[in-house]
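Asker: Sequence:
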Amino acid sequence: MLGSAPAGGPTSGPTSGATGGAADGSGLPAPVQPSGPATVEVDVATLATGLDVPWGIAPLDDGRSLVTMRDEARLVLVDADGTVTPVTGPGARGLTDVVAPQGEGGLLGVAVFGRTGGGLDVALYATTSRDNRVLRATLTGDALGPLTPVLTGIPAARNHDGGRLAVGPDGYLYVSTGDAGDPRRAQDPDSLGGKILRITPEGAAAPGNPVEGSPVWSLGHRNVQGMGWSPDGRMFASEFGQNTWDELNVIHRGANYGWPLVEGQGGAGEGFVDPVAVWRTADASPSGLAVTDEGVYLAGLRGQRLWRVPLRPAAATDSDGVGEPHALLERRHGRLRAVAVAPDGALLVVTGNTDGRGDPRPDDDTILRLTIR
1 MLGSAPAGGP TSGPTSGATG GAADGSGLPA PVQPSGPATV EVDVATLATG LDVPWGIAPL
61 DDGRSLVTMR DEARLVLVDA DGTVTPVTGP GARGLTDVVA PQGEGGLLGV AVFGRTGGGL
121 DVALYATTSR DNRVLRATLT GDALGPLTPV LTGIPAARNH DGGRLAVGPD GYLYVSTGDA
181 GDPRRAQDPD SLGGKILRIT PEGAAAPGNP VEGSPVWSLG HRNVQGMGWS PDGRMFASEF
241 GQNTWDELNV IHRGANYGWP LVEGQGGAGE GFVDPVAVWR TADASPSGLA VTDEGVYLAG
301 LRGQRLWRVP LRPAAATDSD GVGEPHALLE RRHGRLRAVA VAPDGALLVV TGNTDGRGDP
361 RPDDDTILRL TIR
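So for the sequence shown, the working numbering puts the first residue at 1; every next one is plus one.
All clues stand as given, with none of them false.
Here are the in silico distance ranges between beta carbons for each label pair: (1) GLU324 / ASP81: 30 to 40 Å; (2) GLN242 / GLY119: 33 to 43 Å; (3) ASP344 / GLN242: 31 to 41 Å.
It is worth saying that the hints were derived from the structure and are not from the lab. Glycine included, C-beta positions come from ideal geometry on N, C-alpha and C.
Whenever a hint applies, use it, and build me the whole structure from the sequences.
Answerer: See the structure below:
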């Protein structure tokens with residue numbers, strides 16, 4: 001079945017069948033109620049230019065950002081002044097050996113989850129000739145140490161590879177996967193495809209997962225591309241629809257989001273969790289996602305805009321505390337691939353015009369720095 005939503009643009013609405021994330025018993029911090037205005041404006045500056053198919057971005061505490069290049073299987077560091085420095089070392093050389101870019105696959109997500117000595121512990125999501133997998137290595141300066149696979153066997157294909165990595169408030173690593181072109185995987189609890197996974201830094205299933213020994217945190221996903229948490233512990237995820245509805249979901253432990261039986265809203269009566277906001281696929285194709293204390297921001301590829309969904313306390317008029325989506329940067333910078341929150345609160349937005357589906361401009365691809373006002 002296909003779920004339905006009112007025509008005419010993005011809509012928001014409550015999910016059904018689950019409570020808020022902080023009640024999941026997953027070790028999230030005590031709730032802090034977020035609140036944001038209905039609309040905001042942004043000041044935009046260009047931070048870096050000339051990037052080749054950038055995909056993932058991880059802001060670092062020192063003001064730099066770690067950025068993945070999907071098709072070149074390279075990592076670069078972008079300084080606060082926009083200087084781009086290639087990452088070197090055995091891990092960087094290992095990436096070019098192990099990553100097999102194809103279609104939407106390649107070197108995708110990146111997250112920093114701790115420190116080892118003077119270095120940063122980095123997780124990477126990579127497509128190989130056999131699978132998608134999560135790798136870890138230590139970054140010291142601009143040198144990446146040897147790669148260690150921590151989770152393998154994630155289905156891979158030319159599309160629907162998922163690929164986003166995020167460290168939750170509980171300290172565990174969350175991994176978004178796609179159905180890799182076979183929708184049946186999303187409802188198969190034994191498949192790693194079409195899921196959000198929750199693992200330890202060593203790759204084991206995290207304690208408190210719905211099924212002991214399984215990394216699966218939620219299922220019924222087509223292709224999750226963004227994940228983030230609000231101050232009160234709600235986990236949000238952006239998801240590509242097929243032909244009709246893209247989704248913003250609030251993710252609950254063990255919940256089923258309905259794909260391929262449901263696209264968009266309309267599955268709550270069958271035991272699935274409805275999205276809190278939906279868009280027509282031409283208006284969004286939401287990739288990366290970032291959450292501040294006042295809103296959820298989604299980078300739109302096909303829609304070529306940055307969507308903002310205002311946050312309000314979950315105990316307000318709807319169960320998930322979101323307002324009406326509104327668009328920023330509409331068609332000003334082309335396709336938008338990723339968005340992240342810098343340590344100073346600015347938003348870093350990565351364009352995606354060199355990925356083979358856009359119209360590259362002379363400086364593409366770029367990283368934009370947005371100040372919210």
